[in-house]
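Student: Chains F and U, in that order, give the protein sequences. Residues 1 to 1081 (my numbering) make up the first sequence, in order. Residues 1082 to 1163 (my numbering) make up the second sequence, in order.
Keep in mind that the hints were calculated from the coordinates and are not lab data. Careful, some of the hints might be misleading.
Keeping only pairs whose Cα atoms sit at most 25 Å apart, straight-line, the calculated DSS-like set for lysine-lysine is [what the hints assert, rightly or not]: (1) F/240 / U/1117; (2) F/95 / F/28; (3) U/1151 / F/89; (4) F/573 / F/30; (5) F/1078 / F/964; (6) F/89 / U/1155; (7) U/1089 / F/292; (8) F/240 / U/1127; (9) F/292 / U/1117; (10) U/1127 / F/221; (11) U/1151 / F/292; (12) U/1089 / U/1151.
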Amino acid sequence: MPSIELIIGVCLVYVVLLFLVAFYAENKRKLNKSIISNPYIYSLSIAGFVTTMTFYGSVGKTASSGIQSIYILIGPSLITCLWWMILRKIVRISKDNNITSIADFISLRYGKSLWLGALVTIIAILGIMPYIALQIKAISTSFYLISGFQGGTTRILHGGLEQIVPSGLLLAVILSVFSVIFGARRLVSSERHEGLVAAVAFDSVVKLVSLLGAGIFVTYKLYNGFGDIFTRFQALYPEKYTQLFTLDVASSDPFYIPSFTMLLLSMGAIMLLPRQFHVMVIENSDEDHINKAMWMFPVYLFLINLFVIPIALGGILSTGSSAGADFFAISVPLLSGYPSIALLVFIGGLSAASGMVIVESVTISTMLLNHLCMPVIVHFPPKAWFSYLLINLKRFGIFLVIFLGYFYYRMVGDTFMLVNMGLVSFSAVIQFLPSMLGGLYWRRGNKAGAITGILLGFLTWFYTLLIPSFIHSGWIGTDLLSSGPFGIKLLRPTELFGMAGMDLWSHSLFWSMFFNIGAYLACSIFCIQNEKEKEIASKFVGVFEHYKSASQLETKRLSKPVTINQFVSLLTKFIGETEAQRAIESYRGNREFDTDGNVSEFELPKLKRFTEINLAGSVGAAAAGAIVDSFLSDMGSRMESVYDIFSIVRASLDQSRESLFVRLKASEIINRSLDLQIIMDDLLSLLLKEFKLDATIIQLRDERGSCSVKSYSGSNRRPISDQHWFMESLAYCDFALTDRRAHIINDTKLISSATLDRTIAEGIVSCAYIPIMREGEPPFGVLSLFSKSISGLFTEEFIGLLSSLTGQLAQAIKLDEERAIREHDKKRREKADIARKVQEEYLQKKQYAEFSIVRHLTHNLKPKILIAKSPINNVSNFLVKRHLCDEVLSQRLDGSDETIQEALNTSISSLNQMASVLDSARKVVVSEIKPEDFELLEICSLFQNDILPLWNNNSFKINLISSKILVNIHRNSFVEAMNNIIRNAEVHGFKEMVKTGVLEFVISDDEYHIIIDYTNNGLPFPENMDANDFLSFGKKSVESPGEGLGGAWVAKAIDAHHGMFQVIRDDHPVHFRIFLPKEKM
Amino acid sequence: MLRNLIRKILICLSNRETQFILFILSVILLNYPFIKVVSYTFIILKLPFINLYLLIAWIVYIITVFIIVKAINKSDSNGVNI
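Chain F on its own, in the form it takes in the complex (with noise of 0.2 Å):
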């Protein structure tokens, strides 16, 4: 027998390696270089599901009750096939949504429900008793066995004195000591302990180690391997030989457990187990570690589990009986003097009970911390001391766990066998069973069936296995199992119902499984889920789902605004300033808020969720949302559905049909006319129709700027006058105008100031004014849209198909802005043509009249003239004869005398003149230029040739500018017109001012025209005067000393060349120009 030193040693030699080993781990962590990150660590941890019940207990098992305790090891290993679809899914929510426990898991489940939290977590408290209490008894009577103590009782030198102290006490208190230290140092956002694992992966392959070990010895030295013990034990108990490797004689045993109801339970604890549900899913560092675990965890129970049945069967051969089989490991090899093996096992039991305990007290103590205490504590404001508060309410829920284990130990200890206690446990944790798988495949599951069927399984549970167990060791009275309460013998606890024949556990089973699966089934379908717990199921289901969908769009909104930094205090006062920083600079990441760290209406439910799932990560989903939702009244604000325009069923692109619809009919309605009033209205009749609006008004800028309604569409129409409650939202409609974006607002009663007094009093609730816009472009008015039933309608998503909308509006009326444009213009040139036509026919009816006066006079008057000057003539000659001519026949004006000869000269003279203006005029209107007399000239030499010599010897000199370019002209009407304007020049233009008079023509060409500048610095061109009045016949003044003939030469010859002339106002007081195609036309 190892002396007690030695043991001590070897036991503390053991725990300080386990700290090393948690110690590297977290030091690995901290240099992001996980040592845990990897499936095999990840499959040793789930290893910490063989504890010292299978340890010690199923070779206990196995010499009681024989091949069947095999179960409690193949059971987990037949879940694992399903792992890649249930726990994968199981690991992505709780990602998902930062879970902390199964408390967590299954309260978010339902709604985020306290009550469901906390009821999970009592049942854990309470389930996990037996559990921790079969550690400590095994660990204790291992202790015994191994160091030779008797009575339970520890001696401790304390000073002189001795004391005495109940070894498994001591044991508690050091169990605990140590989960404090491995698990609740501090307080972190996420709950997860990297050294923790780590140690527990350790531990599992100690014990590996020391079963496989223990195997080997009794197996091949003390016997010939397992043949020789078989055949031996065959030979000298045939009888036990023959009830431990058939199934059906065994069932004589009082604890014989079915192999059915020992599958259930152990499948159902891998699972189910706090602490086998904190290592496989809060622990899980990668999704793809399931599947390498699903094969490598039932190697591992495989192997664990070989020698088990040698070690009993030798233990049997060895002392005689299974008296205290549970510990065969440890008394084979000392009875066989080997103390070092003995000491071997030992290490593996007590490796394989702490890692269990501190892991299971850990995970409860969370639980209790996130769902007992956290409700309680959320009714107080948040105050700086609470993460001290916290971190010792978690120190003290370990030291409480392990506690009520050491309080059941004293109780039933020594009456049942390991396993048998241990699945008391397993029994307690199976009912979350329902809940669990039906909250994930099933939606219908609700908040009311999860709550009544735990608590009836609980409850059943409680009165069928836990107060039996209670009275089997003593501890109550034997009535209640023989007689029933108050004598009614219906009731009793093992044969509830008059079910009787069967073994404890499965009739516990049994019946809390009927119960509880009933209650869940039947609430679940006669109770309502609401629109929370809706929400969370789908998620929860159809979390993949989820993944594959983009991103969410947002059915909540929150009724008044949080700043960021109101969510970053919260956050302060719950996992420190760092860590909330940290927190929250991660979801700024690309995010755009304004220095006040507001945020938009829909960013605010993506950050109080965020908010949410990091205070998740320290006092559980449920107790967050709580949290959250307490500071959010406090601050007047909460959380409402939105009405969901859109249902959930989401066609491609993301659209719902409903949108894809609208978006259809608005299309059509704006293609099927032209007149944009029919379109306005018709779009107002579609939303008003589709989305159940109220009122729906379009105004459109005009040409100033203004806006004015231009369609109107709703209940109780009025003329908008001044006194409408449509004129409080003209400032939002500017808004929207100006800054180019949709103003919403979702709840009308939240508007601090008076704004909108008169649109309350209407009954809208809520309202959007969406700027009618192409992209990029100013907008052309505004969409407004007023809902009196549903506040909050204005989605992000519903806002975004009012925008198409509006763009698509906007693109009509920019069409029909265009269109009304080239209609304006084609009316205006219509006019011009029409005004132009008027003019021409005027002009030539008027040259047509003027030409027939001339043609006229000169025909009637040219003969009357010479009528009239030949008596003049023969008058003046009778009086030359006469000598009469020098008399003087009247006084002029100015007084001087006229003679008789003077006076018909003047009137012969006067006649003289009449017949050349008709000549002049004769020759304008008759001479003809005609086609075949045009010739191609070089215009340069024509003028030089033809024209500048006329003009030699007068006191102006003429500049001409020109290069040489042909033309087809006609020669003699071009000379003709270009000396009548050198004319006019001289008689008009330089009266007073002849010897500084300077003419010029600049000549110049592009493809169609030549171009012929007329300028010259003589008196200015009439400012009264235009282009066809200069080219019209006749004298344009009575004090004109022209005969108004050069105007009428020039428009004639400029005419007979399709040529224009113009009059051209600049520096040069007088600028004509004129245009001669090169071709002739």
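Following the hints, position chain U against chain F.
Tutor: Then chain U, alone, in the frame of chain F:
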């Protein structure tokens, strides 16, 4: 031919229905009353027959799960038909 068959089996194993059927099948084969069929007491290959049956069944099961895992990895590891 053989390769095609293996491929088909792998595809079959990677879907969740097969996994579920396999689970149910193994529960049936390892459980009462089926286990009574093999509950003989004679010793074969140094082990009682029932013990041998359970151990072999266990090993076969582990190998099957191993193949399923390979099949899952081979098909889309992000298989979303869950």
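Student: Each hint should be assessed against the structure and marked as holding or not.
Tutor: Taking the hints in turn, this is what the structure says about them:
Between residue 240 of chain F and residue 1117 of chain U, the direct Cα distance comes to roughly 18 Å. Compliance with the 25 Å bound is thereby established for this hinted pair. Our distance criterion of 25 Å between C-alpha atoms is met by residue 95 of chain F and residue 28 of chain F, whose separation comes to about 22 Å. Only pairs whose Cα atoms come within 25 Å are accepted, and residue 1151 of chain U paired with residue 89 of chain F is accepted, the gap being roughly 19 Å. The straight-line distance between the Cα atoms of residue 573 of chain F and residue 30 of chain F is roughly 24 Å, inside the 25 Å bound, and the hint therefore holds.
With a C-alpha separation of about 13 Å, the suggested pair residue 1078 of chain F and residue 964 of chain F falls inside the 25 Å cut-off, and the hint holds. A C-alpha spacing of about 19 Å is found between residue 89 of chain F and residue 1155 of chain U, which places the hinted pair at or below 25 Å, so the restraint holds. Taking the CA atoms of residue 1089 of chain U and residue 292 of chain F, the gap is about 22 Å. The hint holds against a cut of 25 Å. With a C-alpha separation of about 18 Å, the suggested pair residue 240 of chain F and residue 1127 of chain U falls inside the 25 Å cut-off, and the hint holds.
Of the supplied pair hints, the one linking residue 292 of chain F and residue 1117 of chain U is violated, its CA atoms being roughly 33 Å apart against a limit of 25 Å. Between the alpha carbons of residue 1127 of chain U and residue 221 of chain F the distance comes to roughly 17 Å, so the proposed pair stays at or under 25 Å and holds. A distance of roughly 9 Å separates the Cα atoms of residue 1151 of chain U and residue 292 of chain F; the hinted pair therefore holds under the 25 Å criterion. Between residue 1089 of chain U and residue 1151 of chain U the alpha-carbon distance is near 13 Å, which keeps this suggested pair within the 25 Å criterion.
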